[in-house]
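Residue numbers (the numbering used here), protein chains in the order written: chain A, 71 to 508; chain B, 897 to 937.
Honestly, the hints are just simulated from the structure, not real lab data. Please read these numbers as outputs of a predicted model, since none were measured by experiment. Glycine residues also receive a C-beta, built at the ideal position from the N, C-alpha and C atoms. Where hints are given, some of them may not hold.
[As the list claims (entries may be wrong)] If the Cβ cut is set under 7 angstroms, some of the chain A residues that face chain B in the computed set are:
hint: 1; residue: Q98
hint: 2; residue: H165
hint: 3; residue: V168
hint: 4; residue: F209
hint: 5; residue: L230
hint: 6; residue: A256
hint: 7; residue: I260
hint: 8; residue: I275
hint: 9; residue: K279
hint: 10; residue: A304
hint: 11; residue: R425
hint: 12; residue: N448
hint: 13; residue: L451
hint: 14; residue: L452
[Claimed, not checked] Just a few of them, taken from the derived set where beta-carbon distance is under 7 angstroms, the chain A residues facing chain B:
hint: 15; residue: M176
hint: 16; residue: W226
hint: 17; residue: A262
hint: 18; residue: L269
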Amino acid sequence: MNSSSAIVQTVPSSEPSPMHATRLRSLQALGIFCGFAAGAWLGGAEAPIKLVNPDISPVTISLIMVFGVFLARWSVPALIRGTSHVRHDVRQAPHLIVWAVLAGCMWAVANTLTIYAIRNVGLSIAFPLWNTNSLLGIFWGFLLFNELRHAGWRRWLGVLGGAVFMFAGATLLAVALSHRGAAGEARLGIIAALGAGVLWGTMYIPYRKAYLTGMNPLSFITFFTVGELATMIAVALAYRGATPLWHELISARAVLFWLMIGGFVWVIGDLFQQYATKYVGISRGIPLSNTNQLWGLLWGILVFHELRGGSQTIYAQVAGGSLLMALGAVAIALSSANAREHSYWQDAAAREGQRYRVEGEYVRAGMEGKHFGANPGNRTLLDWLLILGTTALFVVLAVMARLPRVDIALGWAFALLIAMVALLASCGVALWRTTRFR
Amino acid sequence: MSRPNESIASLNLFRAIATDVHFWIPLIVLVGGLILLDTLR
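Construct all of the structure, not just a fragment, from the sequences and the given hints.
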């Protein structure tokens, strides 16, 4: 098994020409901005779970969230570009459907593990543990996709130093954890969070493969979600059984809205994360989007009073650990790719194109965030049905929903929501102006 | 005429995927994740 198989060797290689320096800088800046916006939205997505009655099974919670995710992953692309663009992308690189579905399966399993982790060790602790996925992402990015090749010692220092900082921060938070809850539960929570980190860290292999080949993130996620929904349904049926699962879904109707909106918010964050991965690679894109740990901490402490009653030592450990992780992420973010490293990315992209016989211009246009080929057309009736149907469903669920009796600070919740919306708007405009959501 | 060509193209695509390490690494990790989830249940 080797990435450069015989197929590659039989096809003459084409030397990719370097991207214009101004365009490269512009795309790198855009990718970094997307990474930070992803952090805000991914962090906010876990908050609605805290509103849910702890009697509901984690698997059922995950299943309901994935229903929300599924709806978002079809309706958001339909709203932004229309599903005709998805068909256009798939015709160019049909093999990527396999990786999209595979990544979706991984996401679903990881998401279920995070619910076990949140239950056992709390949001503000679980986040940094599964965010060690960035270490794995750096490894895979270097090993499989030529990231950090000939990047120079400063960039290596930034990325590796940042990774060490993040690991130290995660360790400090794990130490803080040992003061909370039963030891057995805490151990299971740590294992679940780290397992989710491994799954998510490896899930970026399909992401990077797709975006090096030129696929649009809005197309990739529509097939991605087929894998996650199918996996979650299979896991839920196997774990709960059809009849108990159905009864649990019916009894959970008052919280369906919160869980599905959590899934929807996650998709917005994930979409920004996908664009970050596309334009700055997985070795930088993942740590940047892992700033969701800070947002999770803000939600946990300010809105849900998670560490209330804890000693000053615990506060100091959690704050110190989070700060270390954030500093590590910033160091990695400041080590963006130069032209020389980017030429190695282009080599990796050319290798993918040759292996799967994808048109070179499509691959190149994708890397540069430009349009390829004839315009597939505007939104169709199917797109409007997806948008209106999803909206109507969320309205119905909102009417059925009840705000659980949980002690939350509404003022802080609104403040965080406003910050998230501001990031969504500014980053969305930047994406549109620079790439037209390519 | 087109059918044999399509078969060959499909076979090549299958072979390319089945010999691609980018496919096997995520698949193995996914199986590991499912086993972990089953253990935690």
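Structure-based check of all given hints:
no. : hint : result
1   : Q98  : violated, 24 angstroms
2   : H165 : holds, 6 angstroms
3   : V168 : holds, 6 angstroms
4   : F209 : violated, 11 angstroms
5   : L230 : violated, 22 angstroms
6   : A256 : violated, 13 angstroms
7   : I260 : violated, 11 angstroms
8   : I275 : holds, 5 angstroms
9   : K279 : holds, 5 angstroms
10  : A304 : violated, 10 angstroms
11  : R425 : holds, 6 angstroms
12  : N448 : violated, 31 angstroms
13  : L451 : violated, 31 angstroms
14  : L452 : violated, 27 angstroms
15  : M176 : holds, 5 angstroms
16  : W226 : violated, 23 angstroms
17  : A262 : holds, 6 angstroms
18  : L269 : holds, 5 angstroms
Checked against the numbered hints given earlier, the structure breaks hints 1, 4, 5, 6, 7, 10, 12, 13, 14 and 16 and satisfies all the rest.
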